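Since the structure of chain X is provided, determine the placement of chain G on it from the hints.
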Amino acid sequence: MSMPVSTGTRPAPDAMAGVVATLTRDYGARAVVNESVREQHSHGEGLADAGLPDIVVFPHTNEEVAAIVRQCHIARIPVIAFGVGTSLEGHVAALYGGVCIDLSQMSRVLEINGDDLDCRVQAGVTREQLNAELKGTGLFFPIDPGANATLGGMASTRASGTNAVRYGTMRENVLGLTVVTADGTLVRVGGRARKSSAGYDLTRLFVGSEGTLGVITEVQLRLYGIPEAISAAVCQFPDLKSAVDTVILAMQMGIPVARIELLDDVQMEACIRYSKLEGFEARPTLFFEFHGSDAGVQEQAESMQSIANDQGGSAFEWATKPEDRSRLWKARHNAYYAALALLPGTQGFATDACVPISRLTQCVLETRADVDATGLTAPIVGHVGDGNFHLVVLFDPADAAQRAKAEALARRVSARAIAMGGTCTGEHGIGVHKLGALVEEHGEAVELMKTLKRAFDPRNILNPGKTVPL
Amino acid sequence: MLDPTVHAALASILPPAALLTSPEDTRPYECDGLMLFREQPAAVLLPDNEAQVVAILRRCAEAGVPVVARGAGTSLSGGAMPVASGVVLSLAKFKRIVSIDPGTRTAVVQPGVRNLAISEAAAAHGLYYAPDPSSQIACSIGGNVAENAGGVHCLKYGLTVHNIRRVRGVLISGDVVEFGGDALDASGYDLLALVTGSEGLLAVTTEITVKLLPKPQYAQVALAAFADIEQAGAAVAAIIAAGIVPAGLEMMDQAATRAVEQFVHAGYPLDAAAVLLVESDGTVEEVAAEMADIRAVLERAGATEIRVSQNEAQRLSYWSGRKAAFPAVGRISPDYYCIDGTIPRGALARVLKQIEVWSAEYGLTCANVFHAGDGNLHPLILFDANRPGDKERTIEFGDRILELCIEVGGTITGEHGVGVEKLNGMCSQFSPGELDRFLGIKAAFDPRGLLNPGKGVPTLARCAEFGRMHVHHGELRHPELPRF
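Protein chains in written order, with numbering that gives the first Met the number 0: chain X, 0 to 469; chain G, 0 to 483.
Calculated from the structure, these hints are not laboratory results. This one's a predicted model, so the numbers in the text were calculated from it and none came from an experiment. Do not rely on the hints blindly, as some may be mistaken.
To be verified - DSS-like mimics (lysine-lysine), calculated; alpha carbons at most 30 Å apart, straight line:
1. 320(X) - 404(X)
2. 449(X) - 441(G)
3. 240(X) - 329(X)
4. 155(G) - 134(X)
5. 322(G) - 352(G)
6. 94(G) - 322(G)
7. 404(X) - 240(X)
8. 214(G) - 94(G)
9. 322(G) - 92(G)
10. 275(X) - 240(X)
11. 240(X) - 214(G)
12. 320(X) - 275(X)
13. 214(G) - 352(G)
14. 210(G) - 449(X)
15. 94(G) - 240(X)
Same shape as in the complex, but just chain X (with noise of 0.2 Å):
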C-alpha cells in the first residue's frame, strides 16, 4: 500500500516576501525571521520532519491573530499555530514554509469561575500555569499529558493522559473555544452552559483537529474541586499478563481509579535507572492513582489490591505523601527520556495503540513478542485503564536498517489496534506521521473528513499537509 500524504504548496515566493515584510513592519521585534528560532519552532518532540517556517509571530490578541491569518489567506500563505512545541507526530512542521503562529505570549488566565466550576484562558497558558494559578482556590484541571504542553495545544490535538480513565480527555472538558477561522473571521463556539443541543458541535470538531480548521486563541475548560484524599501506590507483578489483567478486572468492575499506569519489564528497568527509584525491581508494574473521600479512597484501593493479590501481584507499596507522589509521577513522566538513556546514541519514537479494554491483554502479549522477534530496544509504557499504550521504540539514526524496521514495527503497531476495533492514536494525533493509519482505521469516514476540510479552509492554508489526506 502506498502511504498517502496530504499536500499542500510552498507559496509564491513574493506573495511570501510580501507578507513577511508587512509582519515585520507591524510586529517589530514580535515577527522573526531569524534561523535558529525558525528552526526550533519546525518540530515538536517527536522525530524531525523537513520543512522551517518562513517566519515566526508572536501574537497577544485575538484580534492579531485574526489580522495575521486574514493576510496569509488574501496571499494563500500556509498558517502553523505553535504553543510549545511537545507535540510528537511532526504536527508543527512547516512542509511548505509559510508563518508560524506562536501562541505562548498569550498567555493570560482570563477568568476563573469556581462557582461554576470553569475558567477561560488563552490558548498559550500552559497546564502547570494554569494549575498554579488554581492554588488556594480549591480547584485543578486535571488532565495531563505529562509534558507542560500549552491548553491550546492540548485542545488541538484532543490530548490526554495519565488520568483520562476518571476525568476524560480535552474531548470531555474543553467547553467552548475562541478560533480564527481561515478567512480569519474570529468565532467563539461553545460556551459555559454544560450542555447544548443547539447546532452542530463545533467545539468538539476543532478540539482534536490539529490546527487544521482553524487556530484556537481561547479555551474554555471544565475544572474540578481538589479531591479531599489522593493517595497513590506501585504494584509489581510476576509477568505482562498478570499486570493488564488486574487492569481489565478493575475497568470491568468500575473502580473509579483516578490513574492506571502500566510499565513493562524494560521500561521499569529504564525508570530505575534514569529516576533512581529504590525498592523495586525490573519487573512489570501498575502505578496506581486514588482520588475522593477518604473513606472512598480506602475502598478503592483495597478492592484494587484483592484484584492484583489474585493475579500474583505484590503488596502495595504506598506514596501518601504529596511529595513521593511527585516522585512517582515524575518517573512516569520521564518514562520517555529514560527509556532513550537505555541506549545512549538512539533516537525514539513513541506509538500511540488504544483498544477496546477487554483486547488489551491480546493486544500489548502480541505487541511485546513482535518487539522481540525484532530484536528491537521498545519498552512499554501506558495508560491502561484506557486501553492506551505507547512503545518508545529506539532505533540507531545513522542505521537506515534498524530505522525501517522500527518503523515497520510501528506501522505494524497501529493496524494491530486497528485489527482489534482500536485506533492508531489514542491521544497524540494523527499530524503528517499517521495520515495512513488514519485512512486504514476510518475508510469512507476520511472522505468526509476530505470534505469538511474543504468546507472550512478551501485555500488549504491551515496547517496543510497534516490530519487529513487531501
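Frame of chain X, contents of chain G only:
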C-alpha cells in the same frame, strides 16, 4: 403525492406493508411530541434492514425527495415533523439489541431500541445505560443520538455524546460510514460528536455502540424544601461550588409540585416555594459521606425541610413526581409550552426571579421543573390555545426567557434540540461566522439539503428576515447580513 416513478422504485425496495401512502396511514406521523407543528408526508417508509435504508436514500437522492428520519416520535422540538413533498423514514423496525459485551461494558444496538430497553437488557450483567431522558420508556436510542439527549442523571454521567462510542450511519448518497470507534478515542476529526445532536440532518443512523456503566451499589435522594425560589437556586450553586457532583440535582417550583402531587401522591411539601431533589450514588460508605455533605450545604442554604430516602421504594417515589411532571402539568392545563434554555449555574437565581416577574406580567402560570445541576431550565408555560391571545403571549414569554438565557451566557436548547421550533433563536445565539460553519458542515454531508430540510440550522436569509422583524432594544441583529 409521490412521483409515480419514485413510488415504483420504493415499492421495489420495500414490501407493501412497509410503504404507507394513504392519508389515514400517514396521519399518525404528522407530528412528534411538539404538536404545534403538523404536516403530512407523501409517504412513510418502514425498512427493517440497512440495505433497504441504503437503497431508499440512494433513490431519494437521485429523485431529489426530502427524507425525514424518525424514531419513536417523542421529540419536543419538531425534529421529526414531516415535509409534505418528502418521505418519513421510520426506524421503528430496527429494534434489535445486537450484542452486549460486559468485557468492554458496551452494547451494540439498533436505532429503534428504546432507551430503557438497553438498561433492562444490560441489567443481567449488573450494567446500565446512563442517559435517562424522562421519555426513556418510549424514546429510541437513535433519536437520543440525533438530539444528544440528556436526562436527570447527566450531571454526573454526561449526555448521549459522552455515552456512545460508535455510530454507523448512511449518508444521503447511500454511503455507509462508521463514526467514532470501539476504543476510548478515535483518530482524526471528531465526526462522532458532529453527528450526535445533528437532528437527522447529516446521516441516518443504523447502528450504535453505547457505553454501559456498572449499576451503583446504592443510591439515596434528598428532598429539600425552600421558602424562596432564589434561595433554592443559590443552594444548587452552593452544592456544585462545594465540589459535590450529585448523580442528579433537580428542581421543581410550587406550581410544579402542586401539579404532580395531585397526580403521583408522593407527599411533596406543597407549601414550599421550591423543592430540590439531590441524589447520591456509589458504595454505601460513599453515599453516606456524600449525603452528609449535601445535607450540610442544604441546611446552610436555608432549606426549611430535608428528607432523605430510607429505602428504594421511597427513593423512587421522590423521583416519581419529577419524572411525571410533564404529564401532570398536562392534566391541569389545556396546553403547555416547554422551554429548554440552559444557563451557567451561577445565573440560576437571577433567571428564575425574572421568570417569576414575567409570569405575573403576562398573567400566565409558569411551572418550573428542571435539571438544576446542569443549569438546564424547563419552564412550562401553561396556557389555553382556545383563549384568544394566549398562544401569542405564551410564545412571546418563551422567547424572552430564551433571550435572557443567551444574555447570561447560555443556550436556547440544552437537550431538546432546535427542530423547527427554535430556528429563530439560532439566529440570536449564533454569529454569522458560526452559522456559516454550520452550513458548510451540512453541505459537506448533504450538499442538496435533502435530509430533514428546514430543521436545526436556519439559512442566513431566514436570520436576516428574523433580524428585520425582531429589532431588540432598538438594535438590529447582524447588521452585516444582506437584507432580503
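Point to revise | Ascending list of hint numbers which this structure does not respect | key: The structure conflicts with hints 1, 13, 15, although it agrees with all the remaining ones.
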